[in-house]
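Novice: Going down the list, the protein sequences come from chains F and Z.
In terms of this note's numbering, the first sequence has 34 at position 16, counting the first letter as 1, and numbering is strictly consecutive.
In terms of this note's numbering, the second sequence has 476 at position 8, counting the first letter as 1, and numbering is strictly consecutive.
Calculated directly from the structure, the hints in this document are not laboratory data.
Mixed in with the good hints, there may be bad ones.
Here are some of the chain Z residues that sit facing chain F, going by a computed Cβ distance under 8 Å [as the list claims (entries may be wrong)]:
1) S578
2) N579
3) P581
4) A583
5) I587
6) L630
7) P633
8) Y636
9) R641
10) Q649
11) M683
12) P687
13) D688
14) E690
15) P693
Bear in mind that the values here come from a model prediction, so they are computed numbers and not experimental data.
Every residue, glycine too, gets a C-beta built ideally from N, C-alpha and C.
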Amino acid sequence: MTSITFTGIRTRFGETLANDIPALTIPSGEIVCFVGPSGCGKTTALRTIAGLVMQDSGDIAFGDRVVNDVPPEARNAAMVFQNYALFPHMTVAQNVGFGLSVRGRPAGEIAAKVAEMLEVVQLPQVGERYPRQLSGGQQQRIAVARALATEPDILLFDEPLSNLDAKLREGLRFELRQLLERLGVTTVYVTHDQTEAMVIGDRMLVMNGGRIVQDGRPAEVYRRPVNRFVADFLGASDVIAGTATAPMGERQAVVTPEGLRIEGLGSLAEGAPALACLRPSGVEIAPAGTAGLPAVEILSATDLGDRSEVLLAVGRHRIRAQSGARAGLAAGQQAAMRIDPERCIIVGDEP
Amino acid sequence: MRREGWNVWAAGIVGLAIVLILVPLGLVFLYAFATKWFASSPWWPQEMGTKWLLSIFETENLVNALLNSYLLAALTTVATLALTFPAAYVLGTRARQAAGWPGRAIETFSNLPLAFPTITVALGLLWLYRSTGLTNTYLGIVLAHMIMAVPYALRAMVGAFLMVPPEYEEAARNLGASRLQVMRRIYLPLVWRGVLAAGIFAFSWSLNEFVLVLMLGFPDVETIPIQIYQFVGGYYLHPQKAAVLGLFLLIPALALMYGVERLLKGASVVPAGA
Numbered sequence: 019m020t021s022i023t024f025t026g027i028r029t030r031f032g033e034t035l036a037n038d039i040p041a042l043t044i045p046s047g048e049i050v051c052f053v054g055p056s057g058c059g060k061t062t063a064l065r066t067i068a069g070l071v072m073q074d075s076g077d078i079a080f081g082d083r084v085v086n087d088v089p090p091e092a093r094n095a096a097m098v099f100q101n102y103a104l105f106p107h108m109t110v111a112q113n114v115g116f117g118l119s120v121r122g123r124p125a126g127e128i129a130a131k132v133a134e135m136l137e138v139v140q141l142p143q144v145g146e147r148y149p150r151q152l153s154g155g156q157q158q159r160i161a162v163a164r165a166l167a168t169e170p171d172i173l174l175f176d177e178p179l180s181n182l183d184a185k186l187r188e189g190l191r192f193e194l195r196q197l198l199e200r201l202g203v204t205t206v207y208v209t210h211d212q213t214e215a216m217v218i219g220d221r222m223l224v225m226n227g228g229r230i231v232q233d234g235r236p237a238e239v240y241r242r243p244v245n246r247f248v249a250d251f252l253g254a255s256d257v258i259a260g261t262a263t264a265p266m267g268e269r270q271a272v273v274t275p276e277g278l279r280i281e282g283l284g285s286l287a288e289g290a291p292a293l294a295c296l297r298p299s300g301v302e303i304a305p306a307g308t309a310g311l312p313a314v315e316i317l318s319a320t321d322l323g324d325r326s327e328v329l330l331a332v333g334r335h336r337i338r339a340q341s342g343a344r345a346g347l348a349a350g351q352q353a354a355m356r357i358d359p360e361r362c363i364i365v366g367d368e369p
Numbered sequence: 469m470r471r472e473g474w475n476v477w478a479a480g481i482v483g484l485a486i487v488l489i490l491v492p493l494g495l496v497f498l499y500a501f502a503t504k505w506f507a508s509s510p511w512w513p514q515e516m517g518t519k520w521l522l523s524i525f526e527t528e529n530l531v532n533a534l535l536n537s538y539l540l541a542a543l544t545t546v547a548t549l550a551l552t553f554p555a556a557y558v559l560g561t562r563a564r565q566a567a568g569w570p571g572r573a574i575e576t577f578s579n580l581p582l583a584f585p586t587i588t589v590a591l592g593l594l595w596l597y598r599s600t601g602l603t604n605t606y607l608g609i610v611l612a613h614m615i616m617a618v619p620y621a622l623r624a625m626v627g628a629f630l631m632v633p634p635e636y637e638e639a640a641r642n643l644g645a646s647r648l649q650v651m652r653r654i655y656l657p658l659v660w661r662g663v664l665a666a667g668i669f670a671f672s673w674s675l676n677e678f679v680l681v682l683m684l685g686f687p688d689v690e691t692i693p694i695q696i697y698q699f700v701g702g703y704y705l706h707p708q709k710a711a712v713l714g715l716f717l718l719i720p721a722l723a724l725m726y727g728v729e730r731l732l733k734g735a736s737v738v739p740a741g742a
């Protein structure tokens, strides 16, 4: 177990800035998720920790030890790859035991550790099989077992669940979280799925263009994205531009040129160009003519079983909303909308 | 009806191909073992035996030709693999990130010599060898054979290395394996079929090669094809001995082909994640 420190890390791939991380410390035992769209530099950051990518400048340190010149095989930072990278010519047991075997450990010790690890991932019977004989979910567990078998100081995950179907992914997410909590090893987990990051991580780092744009506890990042990019990434569906009103405590409002006023969480200076970021779950439908609520027209209503997805028109804006199932809404109806200020985020309108 | 019609055609074509291949080879066998074969009964020899086979071992220059052929083939194989294995490793694994022109260059380069007329290459080498003293030497012949063997071997082996997803090496390094351990425990088990195919090609190509040896090695370096040529086109005609020598080329070639077929049947490079 060790902490990880990035100091002035910059990495370029040709013209592209892959990573620019001036300072980042991941304390010992923390589970950190790097999230962001593809190409945001999250995987590069992970591979830099593993030593599979060499930064152009800056230092990576494990604890107090700068590891820039330490080759990947000596970093003891085991990685679970997106495609698992199980060795096809070795049995599951040989795969799991590989790390100990190359360290020259005695066969008996390796066998015992392999059995223990297969027990941990709940696949004690598959040791003699080959990876291709396992399902995707089983291969994923074996990849985790192989990484754990070396008793690494740091665990690295590169989108480990992205090749699995949605249902399996949801189950494994919680399982993985429990396992990581039990182990207490410093963990860096890369994903483009914000829900996965919220389940797995103690801390969430949102990346864009090679830089960390927000760093915080997952719930906090979700509730208070710092800019439009993060809000978008974390599920804001509609963004309405206007001017900020004077902040009152945590809240303020955005007023559009047409006079539509939307209240939300924000702390911009009065008069600043602002964006109100809405999530469908924060927009409700009220009966037409409700006092104090803007009038809307329903453009479409789709029954999804447990809820309805509704598209509203407010002047020239289109806003997505949610309502209960069988709310009896139909296209063309007039209604009003109520925006929950706790679920509307107001961020500066930066270019 | 239509299907049956096609089956007849297919059987006819396959049969013709088999006849075209097997008849000449069968004749070589018959010639090699026929000790009495009168013109009055042209279909089958009257007496068969191992006389001609054994006679080969009584003639010193024929034994030398046999040894020369196999030795040159072995040297060509070893030298080709020694040169191309590291190159294929670099091109198939290291240079893959910078894929693009190196890959295309190899592709082009490896195809070209296979299209060269051997005799033209031999002509060029003849002048080159005369000025460097490589004519009539083993080294000269091995180098000449490598001109053809290296591109093919490189092609086969780069292909084998390219089939190994880069994540395997990364995962192995990540789990604590040194570069040498990665080579021994990840790459070798996954590319050895390609290496073997390359080696077999180099060996059989060198064994069968005639023009380069004739122009660059003869008369000091004599091989089986050269002796066969002399027995059928030289001053001392002896088709039976030529046929026996032919068997010394044919049998290893058939054995190697069989080996390759069996290997490739078992070949399966499993992609990452599969």
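Novice: Which numbered hints are broken by the structure, listed smallest first?
Specialist: Those not satisfied are hints 1, 2, 3, 4, 5, 6, 11, 12, 13, 14 and 15.
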